[in-house]
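K.L.:
What follows is each chain in one-letter form.
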Amino acid sequence: MSNLNFNGQESYFLELITEEMEGVISAENSIRLKEWRLKSPDNETYYLDVIKLNEELGLLEQYKNLKPNESLEGLHKKLNLASNSTVGNKPKVINFSVQGWLRIAASLILVSATVFYFMSSNDKVLLKAGSVQNTYELPDGSKLVLNANSELSYSKGDFQKIRELELIKGECFIDVFHNPEKPFSIHYKDLEVTDIGTSFNVKLAQSQIDVVVNTGQVKLHIAGKASETILNAGEAAYYHISKKYIKKVKLQDSNYKAYTDHVINFNATALPEVVRTLESVYHRKIIIQSPNLNSRKFTGEFKKQNIKDVLKVIAETLQINIVSKNGVFYLVSAK
Amino acid sequence: MLTDNEILQAISSKNQAVFDKLYINYYKKLYIISFKYTRNQELAEEAVHDVFIKIWNHSGNLNITQSLSSYLSKAVINTSLNVLKSQKGLFENQGRYEREMINEIEEEAETLEERLINIERAIQLLPPQCQKVLLMSKYEKRKQQEIADQLNISIKTVKNHLTYAYKKIKEIVGNRGILLLILIFIQFLNRTF
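Top to bottom, those sequences are chains A and B. Counting from 1, position 185 in the first sequence corresponds to residue 185 in our numbering; the numbering is continuous, with no gaps. With the second sequence counted from 1, adding 335 to any position gets you our numbering.
Since the hints were made in silico from the structure, they are not lab data. What you are looking at is a predicted structure, and each value in this text was computed from that prediction instead of being measured. Take the hints with a grain of salt, since some may be wrong.
Here are the computed lysine to aspartate or glutamate pairs in the DMTMM-like style, where the Cα-Cα straight-line distance is at most 25 Å [as the list claims (entries may be wrong)]:
(1) A:K39 x A:E73
(2) B:K478 x A:E151
(3) B:K502 x A:D190
(4) A:K244 x B:E475
(5) B:K494 x A:E192
(6) A:K325 x B:E442
(7) A:K128 x A:E166
(8) A:K128 x A:E192
(9) B:K478 x A:D190
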């Protein structure tokens, strides 16, 4: 238990690991990290520990949101049992010997809880997609596809009068049930996107919100500003969240709604771009292992295929190998 | 407190209160084990249900040699892996879960809940801003640049917070954890009072 490289070196590679986990690691650093892992078994163990911790942090989020009583009700239904038995509402807590410490911690918990606790009072409906996308029909008949790791909410009572959605995070595709008397809008902070009979996609990206119109027309409006931006079918725009401006752009990504229908088109698309698209559609990690593959281009169309089949087609076309390990796909040169 | 045998006996004579209590006690632990493998909320829920349906219907005939707790963990792992097999094509990672790995999986599963609770505690020990950055990154799935923009700090600071968070949590829940926890606790008391 020596105090090995507990400062500079460790921090440096830990930073690279977090960058890799987020998928923002540069090619150079990615190679550096790989070399470091190969250098000693300790490094590799360290790496795997961080990956495991990262996975468990994800599980913790799930864990904390579990509701045993609600689940028990579901089980009762399956077993045809009555649900009025008086089981205490106490979830299982592993006893922690230092009670006082818990009290101190409680104040800290409050701080963190406010970050992600959602006010479940009143009639707010929170829609949340976990590791896969979900499709919903809204009370007015509009169709909503919520991408994985995305959240939005609306007010149940008000929705019948004014159809307003609040994007909380992630991305959604909306096919609006047209009703000129009740405008349909989706909000994020100051930005309001109002439909004029349409289907469109809204995505909360790094510092901006991307809006793409599939059919019809939408109106973008920033709270407190007079001007509006109209987008027609096939048009796209982004809203810069902190600088508060809207800019129309050429639609770059023709696969922007592929996550909703798994219909993907590639047209002489560079492999890194292909990988990025597949990752966002299938929510699986894909790594280009051999740097010389970065310049390869792929053309083809996929309709509702699973990722394995898609990768198989790409691999055969481009003559490359696919290795699947621990849920990650690696693309490797054939030779 | 009832012993495992008494619990099973009560359930085999259809004592619903005991059954419900058993469910409430183990639901979170079993769900999270299943979720770890299925990565799907509905499937995880279903796996836990299936295990308990079996217990309700057949508790008299169950041949439980180990503790009830480890029996439940194993049952939910098996159910989850079977679900994965039947969902072929939907999940590609079942290759990971070959028979020889099952033992390792079972050991890990038994302690998963405890580890999660320890991680949660470790998070609470992080400095507030560091904690916030970690939660935004992990739970709100925000990119480092977004966090920097929103908190008005540099991306380098975001990176520092994240690495510090991982390092600390790793230390606290790792082998040296117990000692560290005590140390931090003492530090904490000194600062608080």
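K.L.:
Next step is simple, just say for each hint if it's right about the structure.
P.N.:
Quick rundown of the hints versus the structure:
1. A:K39 x A:E73: 53 Å, violated
2. B:K478 x A:E151: 16 Å, holds
3. B:K502 x A:D190: 37 Å, violated
4. A:K244 x B:E475: Roughly 22 Å between the alpha carbons, so the hint for K244 of chain A and E475 of chain B holds.
5. B:K494 x A:E192: It is violated: about 32 Å lies between the C-alpha atoms, which goes past 25 Å.
6. A:K325 x B:E442: Given that 25 Å is the threshold and the Cα spacing comes to 22 Å, the pair holds.
7. A:K128 x A:E166: With Cα atoms ~12 Å apart, K128 of chain A and E166 of chain A stay inside 25 Å; holds.
8. A:K128 x A:E192: Distance ~21 Å between K128 of chain A and E192 of chain A Cα, so the pair holds.
9. B:K478 x A:D190: 20 Å, holds
Consistency note: the structure conflicts with the earlier hints numbered 1, 3, 5.
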